[in-house]
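Chain order of the listed sequences is A, B, C and D. Take 3 as the starting number for the first sequence in our numbering and just add one per residue. Take 3 as the starting number for the second sequence in our numbering and just add one per residue. Take 3 as the starting number for the third sequence in our numbering and just add one per residue. Take 3 as the starting number for the fourth sequence in our numbering and just add one per residue.
Hints are computed from structural coordinates only; laboratory data are not their basis. The reader is advised that the hints may include incorrect statements.
[Unchecked claim] Quick partial rundown of chain D residues pointing at chain C, CB under 7 angstroms, derived from the structure:
| no. | residue |
| --- | --- |
| 1 | Arg91 |
| 2 | Ser94 |
| 3 | Gly95 |
| 4 | Arg234 |
| 5 | Asn237 |
| 6 | Ser238 |
| 7 | Met242 |
| 8 | Gly250 |
| 9 | Ala253 |
| 10 | Phe254 |
| 11 | Gly257 |
| 12 | Pro273 |
| 13 | Ser308 |
| 14 | Ile309 |
| 15 | Phe310 |
[As the list claims (entries may be wrong)] Quick partial rundown of chain A residues pointing at chain B, CB under 8 angstroms, derived from the structure:
| no. | residue |
| --- | --- |
| 16 | Asn113 |
| 17 | Pro273 |
| 18 | Ile309 |
We treat Cβ as the ideally placed atom computed from N, Cα and C, and that holds for glycine.
4 protein chains.
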Amino acid sequence: MDKNLSQLLARACDAIRNEIGTGQVASYIPALARVDPKKLGAAIVTVDGQVARYGDADEPFSMQSISKVFTLTLALEQIGEKLWERVGREPSGNSFNSIVQLEREHGIPRNPLINAGALVVCDVLLCQRSPDQAIAAILEFVRSTSDDASVSTDPEVAQSEAETGFRNASLANFMKSFGNLTHDVDDVLHVYFHQCAIAVSCAQLARAGLFLATNGSDPQTHRPFISAQRARRINSIMLMCGHYDASGEFAFRVGTPGKSGVGGGILAIVPDRAAIAVWSPALTSAGNSHAGTAALEQIVREAGWSIF
Amino acid sequence: MDKNLSQLLARACDAIRNEIGTGQVASYIPALARVDPKKLGAAIVTVDGQVARYGDADEPFSMQSISKVFTLTLALEQIGEKLWERVGREPSGNSFNSIVQLEREHGIPRNPLINAGALVVCDVLLCQRSPDQAIAAILEFVRSTSDDASVSTDPEVAQSEAETGFRNASLANFMKSFGNLTHDVDDVLHVYFHQCAIAVSCAQLARAGLFLATNGSDPQTHRPFISAQRARRINSIMLMCGHYDASGEFAFRVGTPGKSGVGGGILAIVPDRAAIAVWSPALTSAGNSHAGTAALEQIVREAGWSIF
Amino acid sequence: MDKNLSQLLARACDAIRNEIGTGQVASYIPALARVDPKKLGAAIVTVDGQVARYGDADEPFSMQSISKVFTLTLALEQIGEKLWERVGREPSGNSFNSIVQLEREHGIPRNPLINAGALVVCDVLLCQRSPDQAIAAILEFVRSTSDDASVSTDPEVAQSEAETGFRNASLANFMKSFGNLTHDVDDVLHVYFHQCAIAVSCAQLARAGLFLATNGSDPQTHRPFISAQRARRINSIMLMCGHYDASGEFAFRVGTPGKSGVGGGILAIVPDRAAIAVWSPALTSAGNSHAGTAALEQIVREAGWSIF
Amino acid sequence: MDKNLSQLLARACDAIRNEIGTGQVASYIPALARVDPKKLGAAIVTVDGQVARYGDADEPFSMQSISKVFTLTLALEQIGEKLWERVGREPSGNSFNSIVQLEREHGIPRNPLINAGALVVCDVLLCQRSPDQAIAAILEFVRSTSDDASVSTDPEVAQSEAETGFRNASLANFMKSFGNLTHDVDDVLHVYFHQCAIAVSCAQLARAGLFLATNGSDPQTHRPFISAQRARRINSIMLMCGHYDASGEFAFRVGTPGKSGVGGGILAIVPDRAAIAVWSPALTSAGNSHAGTAALEQIVREAGWSIF
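Could you build all of it, start to finish, from the sequences and the hints given here?
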């Protein structure tokens, strides 16, 4: 059965190899800019314990916005449904760092998977913690869900994010002016830049996302990370909002919840079946991995895993 | 088994009876304004032929925007993927009749389930037909999918829509100015106002939507309405865009593809399982049935039918 | 003194002859598209009766949006300050036919010199008149202010405007949906398309605008067209809003109230001194005459007529 | 003649005394919030040396945004027309601290009299100076134009501005992300917060603005502050943009260039005639002094000083 899964994964990824390298690698920080655009990794972990790897599946890459799924989970566990008083759960219809909607909607971000929403989530995580403790808690959660204590943060990336993060600083100050950040703007940004800098491989990422396919509890360690209802709701938010203003495109083509990052990674959840992670650094104009999306489309089609 | 389904439906609907009447009945045309806000109907049709009814399940109501799912299906069958050159498939992040995005995006509507997009779809249907033929084709398609030749258009509603449809006339003229309507504006509006005026009961509507839960073919008559892939893609568009700027809320709470209309109806699709129709005329501020959504949330939860 | 004025005008226009032809002639209707881009006309009429002409000063051109100044004057005389309940007097910060602001501001146009505002003005003029009477009243007013009964409407232009006026039809229907048009949309558009089609020469236009430089009364015929205060206020609106989203540029460079039209004409008012009309058909991207603006800048500088 | 001017000023201000106190005093910082809303001061300085004072004309108040006129003058002297590559000169059509336009226009503020534009101007002033030197240069310029070395900055106000200036920090970081700030964001904000905190009386402010009514040179000290053409252009920008999204209203009612501040002051320029300063702390919803505007309207009407 593992063999069949591996064959399926290989067949799907081989079929889209000519898509590799189309698009642009994120260039706003040096550590991302120098990544080889020809990389392609993929990993599947099923709810019944099968694992399949392809290509650069064990090479770590920068999580970037994929980390928002994990901080959202933590914040929901921490304050529950009160989170939704400070951040919405609707698609934004705009690019990931847009500030327009935020003005019209008085500092309440559309959802927790755009930058503004993720900054609010960081502010929530700071409620019981110092900035360093918040960073540690996020990292610990990713280690815990991936069942791999070696996952760590790339300090060069975190430093670069801070040096170039003027748009995020603008968003944070903007929400602060509306009273939707309760902590110091610099502390919130500090946490945010570090969560983006967590490095994972496809194999680690698929494993880390598995709890979202299994009603919130890890099927192997049996650790309960979140309630079944919340796991399903996080999946719904991933589907609606996980690819910025190309979320509809992802739902249309791939047909599963997913969250992308500008590091070129995508985490896709197949409820009750599997978690899939892909990585290929060259991005579409909307900021999502071009070859990664193609690979996911192929994998889901071959496996018959569309939720629609 | 039918009995179990009926019991589940009754239990779910009974549980939310105190939600009935909350909200406002659509008041922009007389025929909608005089509908009793206390109505609640619901019907489930499963892929294996079970049927359950509740309350006012056999009373006809105005389809309104739910008709957009059927015209989209027709247009896709007619011109295929070329449709996407003229209309997007992303959530709009705006209310159903917003014109702002249309200006920024040069007359290309965000998706076929907002008014602007449905007008483009009407324009496509006019390519091989006169306005009256287009109206007849739409009605015939709803009759065909519902397997019920008695479905018809309410002429009073169609007339009222035309008399008050200035916002739709504005949208149509706006797209015409960008060259994204090829037919006469008045003809496009004529077709659109008539599709909105089709009257169906919950029982008819659930039956009519069943093909979307069954890979595009009717499981009983075996008529192939659309390819399996297209059926899944229509479902994805319903989930992303079916409730205007409250689509995220519907995905979060209900967790299935769905499309609402200001007549108070909602059609929900549970892929590979069932089609559900609910009706209760009082609407939320976003224009979706308040009690209908509550009923769907309860039904899907009791049945364990969330796609997430 | 006439001789000095003529010399000043000739000197100013000669100085900018190399600007003639830069830009694009309006092409959305045939009658405008075929006008020779090399035309340049200019005329000055002073409050003490001097007249100067240059180049194509006696060749009629299409008034287009310049007519909005005259319909605004008529509407103010008709309903007075109540006009400002239905249209604002702020710069729009957007292009002349934008619909975005209109949505945010619930169908109240920013000012009477953008298309939406001019449509409201037409609606006001229809309060006491049939469409044909309204058109006749506007034409009569231009004839009266220009003291020239030969001014007339170009029927080909009016017809073409109607055939291509989808954006204006969109604006009118949009305002109708907010209740800010009281008459039939088609009637309002009919009047609007005819006011745009009035043809005048620079000599006629400068003469027609003179009352705005002379406290509202004609200095020669002594006809009182409007109160002194209203004349000054119309001038302020022309300065703030007369060149769409390039109004600041016109104030900065020329420094007088002015109103442009896509026919290539501009009417400028020098309070207590003179009215100036220029015409050159090639337009900037903002829709204002390129060479005409350059000529006005030169004339005002040579004459020392900046109001700043 | 001084006596006549004083009488005119007294008559105008007396006539609007019942407007005093209407509106809200700015409350975002304590030093502004505790100012008595019943204050009314006014001063006129004419080009031929007459001076008139009324009410609280000698009581200092916080300049706030009025300082933008003086920093604009300094920046124009420093880098000339190149300034317009980094900031526009069009009305914004939006509130003073809006960020929406800035996103659509890629970090280029509409004009130098909105907050974003003033921040760019601060960045220009930092090109040859440390932050403290820039603050000193601005203060020296206001002292110089007012011919009064006692003008100074209120350190409590500057400190409060810094503590609550999240919206300005958001704007600055936003422009930095587009590359339209060349210095450190904190340095730019430091200068900006200090320029806002300069305190002047009406008498000092009218004197300080006189050079704008006299072709750029002080008529008494004969110091040349700026060229005649630039003075006129600054006046045009004040008229178009000096009262945020109520600039049209000010032009319509008052009819002269003017710049308001949330401290309740307004500086109005009557080209070739006079400079006028008024002060009354209670503000309209657009952030402009309610009674101050009424006083200016009355003064300009009585004096016949409308530029229209």
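Status of each hint after checking the structure:
Because the smallest distance between the Cβ of Arg91/D and any Cβ of chain C comes to about 5 angstroms, under 7 angstroms, the interface hint for this residue holds. Contact between Ser94/D and chain C, as hinted, is supported at the beta carbon level, the nearest pair being about 6 angstroms apart and thus within 7 angstroms. Interface hint at Gly95/D: satisfied, since its Cβ lies 2 angstroms from the closest Cβ of chain C, which is below the 7 angstroms cut-off. For the restraint placing Arg234/D at the interface with chain C, the shortest Cβ-Cβ distance is roughly 4 angstroms, inside the 7 angstroms limit, so the hint holds.
Because the closest C-beta pair between Asn237/D and chain C is about 4 angstroms apart, less than 7 angstroms, the hint holds. The interface hint given for Ser238/D holds, since its Cβ lies 4 angstroms from the closest Cβ of chain C, which is under the 7 angstroms cut-off. Of the supplied interface hints, the one on Met242/D holds, with its beta-carbon coming within about 5 angstroms of a beta-carbon of chain C, less than 7 angstroms. Restraint check, Gly250/D versus chain C: the minimum CB separation of about 4 angstroms is within 7 angstroms; hint holds.
Given hint, Ala253/D at the interface with chain C, holds; its Cβ is 4 angstroms from that chain's nearest Cβ, closer than 7 angstroms. Here the hint on Phe254/D is kept, as its CB sits about 5 angstroms from the closest CB of chain C, short of 7 angstroms. Among the interface hints, the one on Gly257/D holds; its C-beta lies about 6 angstroms from the nearest C-beta in chain C, closer than the 7 angstroms criterion. Look at Pro273/D: its Cβ gets to within about 5 angstroms of chain C, closer than 7 angstroms, so that hint holds up.
The beta carbon of Ser308/D is positioned within 7 angstroms of a beta carbon in chain C (closest approach about 5 angstroms), and the interface hint is therefore held. Taken as an interface hint, Ile309/D checks out: its beta carbon lies about 4 angstroms from the nearest beta carbon of chain C, inside 7 angstroms. Because the smallest distance between the Cβ of Phe310/D and any Cβ of chain C comes to about 4 angstroms, under 7 angstroms, the interface hint for this residue holds. At a threshold of 8 angstroms, the smallest CB-CB gap from Asn113/A to chain B is about 7 angstroms, leaving the interface hint in force.
At a threshold of 8 angstroms, the smallest CB-CB gap from Pro273/A to chain B is about 5 angstroms, leaving the interface hint in force. Given hint, Ile309/A at the interface with chain B, holds; its Cβ is 4 angstroms from that chain's nearest Cβ, closer than 8 angstroms.
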